[in-house]
Amino acid sequence: MAFISVCSTKNLNRLLKNSPQPRGVLQQPVKGLRALLVWLCLLFAGTALANDVRVEAQEFVVSEGGYAVSADFKVELGQVLEEAVFRGVTLSFLIDFELINRRWYWFDEKLASRQMVLRLSYHALTRQYRVASGGLHQSFDTLDEALRVLSRVRQWQVIEKASEYPEIRPGASYRGALRFKLDITQLPKPFQINAVGSRDWHLSSDWAAWEIKLPPAEDK
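Offset between the sequence shown (1-based) and my numbering: plus 241.
Certain hints may be false.
DSBU-like cross-link-like pairs, simulated, lysine-lysine; straight-line CA separation at most 35 angstroms [to be verified]:
no., residue 1, residue 2
1, 454, 402
2, 454, 422
3, 422, 402
4, 422, 351
5, 402, 351
6, 430, 351
7, 315, 454
8, 315, 430
9, 351, 454
10, 402, 315
11, 402, 430
12, 315, 422
It is worth saying that the hints were derived from the structure and are not from the lab.
All chains should be built: construct the whole structure from the sequences, respecting the hints.
Structural data, given as structure tokens:
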């Protein structure tokens with residue numbers, strides 16, 4: 242970001258050093274402007290280094306006798322998490338899905354839930370980042386490439402066989418909910434202690450909910 246470049250420590254010191262020294266009645270307004278510049282630089286610099294994740298798109302479709310979810314996430318790691326991965330700490334991420342039956346007369350009913358585990362690591366020997374899920378993995382030359390793959394889920398089978406869920410009826414409407422988060426319980430023990438209550442180690446999206454209208458049953 243251009244603004245962050247301008248607000249680097251070196252450039253910030255140069256800007257403040259070369260600023261004309263105010264005199265007279267202009268002294269207080271100019272001092273206030275200089276203070277505002279410092280505050281904005283710190284604000285935006287902190288924002289640029291913060292963890293961020295959100296659900297950008299999601300879809301629930303019929304697939305192979307059951308139902309599948311596809312989703313796009315926006316995942317940004319802060320400086321602490323980036324450094325941890327580079328130093329050999331494996332980060333485990335959880336993608337949670339829930340299918341909910343909304344009931345006006347009682348509490349909502351959770352019909353199905355599924356969780357996907359993704360792991361991000363760096364291998365110093367090959368100088369590559371790795372994204373793994375189950376027994377499958379892919380390697381990448383850069384962290385950005387790894388995060389792009391990590392943030393895309395395609396045809397995730399959340400319900401294997403619709404016949405095993407008689408309460409999920411064709412043609413009915415339900416609510417889906419999706420979340421992406423860092424699982425700090427899988428960090429090495431010393432990091433778990435530091436992660437509790439720390440914004441540097443907190444990475445979790447809000448639950449993204451959307452209405453799902455299932456297609457009607459096919460005529461036999």
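Going down the list of hints, with the structure as the test:
1. The straight-line distance between the Cα atoms of residue 454 and residue 402 is roughly 18 angstroms, inside the 35 angstroms bound, and the hint therefore holds.
2. A threshold of 35 angstroms between alpha carbons decides the hint, and for residue 454 with residue 422 the separation of about 27 angstroms falls inside it, so the pair holds.
3. Between the alpha carbons of residue 422 and residue 402 the distance comes to roughly 27 angstroms, so the proposed pair stays at or under 35 angstroms and holds.
4. For the proposed pair residue 422 and residue 351, the alpha carbon gap of about 20 angstroms is at most 35 angstroms, so the pair holds.
5. Restraint check for residue 402 and residue 351: satisfied, since their Cα atoms lie roughly 17 angstroms apart, inside the 35 angstroms limit.
6. For the proposed pair residue 430 and residue 351, the alpha carbon gap of about 33 angstroms is at most 35 angstroms, so the pair holds.
7. Proposed proximity of residue 315 and residue 454 is supported: the alpha carbons are some 25 angstroms apart, at most 35 angstroms.
8. Annotation: proposed proximity of residue 315 to residue 430 holds, straight-line Cα distance about 28 angstroms (limit 35 angstroms).
9. Taking the CA atoms of residue 351 and residue 454, the gap is near 16 angstroms; set against the 35 angstroms cutoff, the hint holds.
10. A hinted pair counts as satisfied when its Cα atoms are at most 35 angstroms apart, and residue 402 with residue 315 qualifies at roughly 30 angstroms.
11. A threshold of 35 angstroms between alpha carbons decides the hint, and for residue 402 with residue 430 the separation of about 38 angstroms lies outside it, so the pair is violated.
12. With a C-alpha separation of about 12 angstroms, the suggested pairing of residue 315 with residue 422 holds against the 35 angstroms cut-off.
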